[in-house]
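Protein chains in written order, with the UniProt record's numbering: chain C, 1 to 454; chain P, 1 to 454.
Be careful, since some hints might not be right.
Stated by the list, open to error - List time: in silico DSSO-like cross-link candidates among lysine-lysine, alpha-carbon distance up to 27 Å: (1) K220/P x K6/C; (2) K16/P x K6/C; (3) K248/P x K6/C; (4) K199/P x K220/P; (5) K125/C x K6/P; (6) K6/P x K16/P; (7) K248/C x K6/P.
These are calculated hints, taken from the structure and not from any lab test. From a predicted model like this one, the values you see are computed outputs, not experimental measurements.
Number of protein chains: 2
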Amino acid sequence: MSDQIKYVLDEENIPKSWYNLTADFPTPMPPVLHPGTHQPVGPSDLEPLFPMELILQEVATERYIEIPEPVRDVFRMWRPAPLIRARRLEQALGTPAKIYFKYEGVSPAGSHKPNTAVPQAWYNKQAGIKKLSTETGAGQWGSSLAFAGSLFGLDVLVFQVRVSYDQKPYRRALMETYGARCIASPSTETDSGRAILAKTPNSPGSLGIAISEAVEVAAKNPDIKYALGSVLNHVMLHQTIIGEEAIKQCEMAGDDPDVIIGCAGGGSNFAGLAFPFLGLQLRGGRKRRIIAVEPAACPTLTRGTYAYDFGDTAHLTPLVKMHTLGSTFMPPGFHAGGLRYHGMSGMVSHAYELGLIEARAYQQVGCFEAGVQFARTEGIVPAPESTHAVRCAIDEALRCKEEGKSETILFNLSGHGHFDMQAYINYFEGKLVDQDYDEADLATALAGLPAVAA
Amino acid sequence: MSDQIKYVLDEENIPKSWYNLTADFPTPMPPVLHPGTHQPVGPSDLEPLFPMELILQEVATERYIEIPEPVRDVFRMWRPAPLIRARRLEQALGTPAKIYFKYEGVSPAGSHKPNTAVPQAWYNKQAGIKKLSTETGAGQWGSSLAFAGSLFGLDVLVFQVRVSYDQKPYRRALMETYGARCIASPSTETDSGRAILAKTPNSPGSLGIAISEAVEVAAKNPDIKYALGSVLNHVMLHQTIIGEEAIKQCEMAGDDPDVIIGCAGGGSNFAGLAFPFLGLQLRGGRKRRIIAVEPAACPTLTRGTYAYDFGDTAHLTPLVKMHTLGSTFMPPGFHAGGLRYHGMSGMVSHAYELGLIEARAYQQVGCFEAGVQFARTEGIVPAPESTHAVRCAIDEALRCKEEGKSETILFNLSGHGHFDMQAYINYFEGKLVDQDYDEADLATALAGLPAVAA
Chain C
1 MSDQIKYVLD EENIPKSWYN LTADFPTPMP PVLHPGTHQP VGPSDLEPLF
51 PMELILQEVA TERYIEIPEP VRDVFRMWRP APLIRARRLE QALGTPAKIY
101 FKYEGVSPAG SHKPNTAVPQ AWYNKQAGIK KLSTETGAGQ WGSSLAFAGS
151 LFGLDVLVFQ VRVSYDQKPY RRALMETYGA RCIASPSTET DSGRAILAKT
201 PNSPGSLGIA ISEAVEVAAK NPDIKYALGS VLNHVMLHQT IIGEEAIKQC
251 EMAGDDPDVI IGCAGGGSNF AGLAFPFLGL QLRGGRKRRI IAVEPAACPT
301 LTRGTYAYDF GDTAHLTPLV KMHTLGSTFM PPGFHAGGLR YHGMSGMVSH
351 AYELGLIEAR AYQQVGCFEA GVQFARTEGI VPAPESTHAV RCAIDEALRC
401 KEEGKSETIL FNLSGHGHFD MQAYINYFEG KLVDQDYDEA DLATALAGLP
451 AVAA
Chain P
1 MSDQIKYVLD EENIPKSWYN LTADFPTPMP PVLHPGTHQP VGPSDLEPLF
51 PMELILQEVA TERYIEIPEP VRDVFRMWRP APLIRARRLE QALGTPAKIY
101 FKYEGVSPAG SHKPNTAVPQ AWYNKQAGIK KLSTETGAGQ WGSSLAFAGS
151 LFGLDVLVFQ VRVSYDQKPY RRALMETYGA RCIASPSTET DSGRAILAKT
201 PNSPGSLGIA ISEAVEVAAK NPDIKYALGS VLNHVMLHQT IIGEEAIKQC
251 EMAGDDPDVI IGCAGGGSNF AGLAFPFLGL QLRGGRKRRI IAVEPAACPT
301 LTRGTYAYDF GDTAHLTPLV KMHTLGSTFM PPGFHAGGLR YHGMSGMVSH
351 AYELGLIEAR AYQQVGCFEA GVQFARTEGI VPAPESTHAV RCAIDEALRC
401 KEEGKSETIL FNLSGHGHFD MQAYINYFEG KLVDQDYDEA DLATALAGLP
451 AVAA
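So here's chain C without its partners, still in its complex pose (with noise of 0.2 Å):
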């Protein structure tokens, strides 16, 4: 074991391939389904919404997928991201347990969410694509595409839901600096976007329906077609980039983790980190234990069914097997933007029903909690939905501490909280408070999931 704290890999270390956990899985996932046969939907299907690259990666079935150099070349800017072992927090635990971290904040954007745009703007631009669509809640995708779109000259445009676009101006000025063009949705731009406004004029917009939005306008048009951040199995399959890093700077570190740890909302910044360490497994190496945390108000796998559903409340989606506590579920508003979905990635959920990966829900106040002091400790304010994975890292390592053991845990820290002050805020003025989802309304939702034949 080295003395260092940081271990950084030098440039030509950014991984050449990402990594297909579907070459691996002991059973093959379920089909993707047409929203209206409720067959199997072919590349053809997609072609309106995305690139034929990316159409194939979502259906690839190869172990190892190569990175294109362009997109290795802009990955330089900030890649390897750094792997840092926390110290000071395990001092202030007081725990015999190894904690590390991967820090995906030190992207331009302030997260792991370009690691998928990167490439997904580079395979839409290599198709002659000249603009992109795409939605935002707590703004980390939408100005992860702006920034990937800057740098190959594709045009950005942003469906920000009207709450967040009135409440985060930051976030909205970031995107702009990158070039976006911010829209508030719902918006008089789109056939969704006027019939939502007709009913509802001063709706505060949902992510179902800038969804609805981004997604019209990518159909409507073929110079332009639509990106989504999360859930997708290409985005699951960039993410790896996270994972397959950290294998080489644990090695260099010279340990090996015990438990791996990652939030999730539609579950790409934890597939990105564990899907290598699962593959390792799957092909014969050690078992981890490997734990998904979600936010209590939202608790697509420790509360949700395995089942079809859409991907969208406005059900314009393929048809996709998953857990998810249905499509018109309600979670309250909690201050995790990014975990608020209903479903859950699809390579995801598979991974939970083969009992490869645990899942585990926390309450807000207690992560924030956990933000603060890893700030005090490590420095870095981590974003709301990163404090879910501080505080399950923590509880961990505070397992080892009664236990005796020390075990190394590592997590992945997904992005800074810069742009998100306003919930630190509110926690400081005792503002923030625990928040249960309505178990009416999730009993309503799940019983409204579409009837799919086995």
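Given the coordinates of chain C, work out where chain P should sit on it, guided by the hints.
Relative to the frame of chain C, chain P by itself:
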């Protein structure tokens, strides 16, 4: 020349010593004078405010001063800071010049300020001090001292200029996340604050008033010392870690800068990058162009006088010979709050008088234009202060293009702008305008300089 983008040194390459330019100045610096007697101050005059180790560094003449191991250990959290080749910016400009920047925004607080906050907190802790008081305007310094205090278990009291306290709640939240207490200045907690409030109950505050409050608290309580984030010799000393690293990194890159650029308010990030290179020159190395960039609305070097002056508006500090606009000078309210200071570091001023460095003043709109171009090519949104260095680097690169010269340009990107997005919003909305200072105000301020016998 290598083909890398980032030049990242290992932790063991964090410099073991700070470089003291005083040792190599061809003529000695003028002494600091007591405000009452106009005689050179001795260490005991400064003891109520600073611990002895920092006072000794203030007057030190040795070329190298050892960095304590516990301070280096904290630096390992983010240092060595990367040297980055701005290839995409070079391409966008079509320049034959090579542009490198040293990126100090990787620190937890987001700027170069922790380079001095950490040793200042450490020396105070060693001296048995329990609490530090300071002032902050833009907030970079206050959050850096708050961060450093949290690591060493020191209480930190920050007098934040009222208008900044009200307008920048996220900066305040960052300081509070690190455990500091922020007080809007003028406050009812000090005589000087109460005196102001009695006269002007709605006073927006000023850096001068906040300094008076922070100094008063320290002067009246033996357990509390005062900490300053720029201007003083020991602050310049601590920042030389930037340039010491950059010299090694330029060697890694196989390149040697012809032009070195930093923005200058009190002078510390500029000095931090430039002084080690200047030392090489003064010890027989080659001459490089070294440019300090200041705001046209507060042009201390380009329009100020070299004279003895007070560091604060309330005239509590010793007299320092420096480039000054006069301590009563009121710059207009432009956006780079970190550059709104009437004076300049005595060391930087001395170097300027000796003809060792150049100075240049820029208006703010062109600086933000450069900041946006930088963000769209290099991904990082610069702090408003740092955009001055970016503007100058771009202008030098465009000069190289005109002259067909492939010079190497190195600038200090002293911090990111994540907590300054309102300035970018104003820029995009066309509300940002170039601003000139009031000539009559400058004349009055200069006429009011203290009369000090030569």
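Hey, K220/P versus K6/C, does the alpha-carbon distance stay inside 27 Å?
Judged against 27 Å, a Cα distance of about 42 Å means the pair is violated.
Given the hinted pair K16/P and K6/C, is their alpha-carbon gap at most 27 Å?
Distance of about 18 Å is within 27 Å: holds.
Decide if the proposed pair is consistent with the structure: K125/C and K6/P, CA atoms, cutoff 27 Å inclusive.
The given pair, whose Cα atoms are some 26 Å apart, holds under the 27 Å limit.
Hint consistency between K199/P and K220/P [alpha-carbon to alpha-carbon, up to 27 Å]:
Holds. K199/P to K220/P sits at ~23 Å (cutoff 27 Å).
Restraint check for K6/P with K16/P, where alpha carbons must lie at most 27 Å apart
Judged against 27 Å, a Cα distance of about 22 Å means the pair holds.
27 Å Cα cutoff - pair K248/C, K6/P
holds (19 Å)
Does the structure keep K248/P and K6/C at a Cα separation of 27 Å or less?
Judged against 27 Å, a Cα distance of about 19 Å means the pair holds.
Checked against the numbered hints given earlier, the structure breaks only hint 1 and satisfies all the rest.
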